[in-house]
Structures are given as C-alpha cells and as structure tokens.
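Sequences are here, hints too, so could you generate the full structure?
For the sequence shown, the tail end lands on 141 under our numbering, and the numbers increase by one without skipping.
Worth flagging that the hints you see were computed from the coordinates, not collected in a lab.
Please read all numbers here as calculations on a predicted model, not as lab measurements.
Ideal Cβ positions, reconstructed from N, Cα and C, are used throughout, including at glycine.
Take these hints with a grain of salt, some might be off.
As the list claims (entries may be wrong) - Have a look at the derived ranges for each label pair, beta carbon to beta carbon: (1) Y52 - P134: 28 to 34 angstroms; (2) A20 - V56: 18 to 24 angstroms; (3) W11 - R64: 32 to 38 angstroms; (4) D109 - V56: 18 to 24 angstroms.
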Amino acid sequence: MTFENLPKNWTALPLTSPALAADVVDLLLSCADRALSSLLFLPCSADGIGYPRPVIIGGMDWRCAAVERHRTLRSLGQSGAASAVLAISAPRRLPLGLVRSWHTAAHDELAAEGMRLLGFCSADPDTVRIHSPADARRAA
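See the structure below:
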C-alpha cells in the first residue's frame with residue numbers, strides 16, 4: 002500500500018489500523034527524510050487521531066548505544082500525547098534485529114510515560130513495513 006490509498010478523511014480516522022498507519026507514514030516520511038535516516042513521531046489523541054504536526058528527526062544513528070536509543074524515545078514519550086505512531090527509516094532496508102530493538106525500546110519507553118504505541122513502522126525509499134507488537138516482544 003501507499004499514501005495514494007489514503008481515504009480523503011484520513012485525518013479524522015484513528016490510526017489503530019496497521020494498514021492506515023503505514024499509509025500515513027508513507028505520506029509523512031518523504032524519500033528525502035528516508036535518505037537521511039529519519040525518525041517519525043506522530044503524536045495522537047487517546048482515540049488514535051493523529052495530531053497535525055508530526056515530529057521528524059533526521060540523521061539518526063540506528064546503531065547507537067541502547068542508552069541513547071532509550072533517551073531519545075523517552076523524550077518523545079514526554080510529549081503529553083496519549084498515543085503515537087513511530088517510524089524509523091534509512092536509505093536501505095534496516096536489519097530486522099535492529100528494527101526490533103527500536104520497536105521494543107519504543108514500546109517500553111512510551112508505555113513508561115503513559116503513551117500507547119499505535120503502530121511501529123520501518124521505511125526505506127521503496128517500502129513502509131508495519132511491525133506487529135509481537136515483533137517487539139520477540140526482541141526482548
């Protein structure tokens with residue numbers, strides 16, 4: 002799927018559907034952002050509706066130490082949003098083990114701040130992949 006599949010009223014829909022969340026990530030995370038190894042944080046309301054201003058942080062080092070990964074995600078969790086969709090991106094497909102490490106850390110840090118992780122995606126120039134909550138548990 003791609004952002005071209007988004008319904009016209011997507012901004013009013015909860016991002017609890019993995020397919021919808023992946024399409025929104027595809028829209029918001031441009032090819033230029035993906036080439037810069039960017040992290041997308043889309044804060045959402047308690048009912049899963051995305052807020053209009055996502056946070057995109059470029060130049061991420063996906064292989065950073067775990068303490069840095071947790072610090073970054075903890076700071077996002079302190080945004081005050083009730084829920085969120087998160088995506089990590091790179092110019093090439095990220096290794097599954099690395100994606101799982103970030104997914105697990107995102108789940109743990111956001112939950113510690115009282116935030117529900119609605120969806121977690123990894124993206125490269127050609128594809129957005131949605132990762133299930135079971136993927137995060139496998140990495141633990």
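Each hint, compared with the structure:
Y52 and P134 have their C-beta atoms about 22 angstroms apart, which leaves the hinted 28 to 34 angstroms range violated. Between A20 and V56 the beta carbon distance is about 23 angstroms. The supplied range of 18 to 24 angstroms therefore holds. Checked against the hint of 32 to 38 angstroms, the C-beta distance between W11 and R64 comes to roughly 33 angstroms, which is consistent with it. Against the hinted window of 18 to 24 angstroms, the Cβ-Cβ separation of D109 and V56 comes to about 19 angstroms, which satisfies the hint.
The structure fails to meet hint 1 from the earlier list, while all remaining hints are met.
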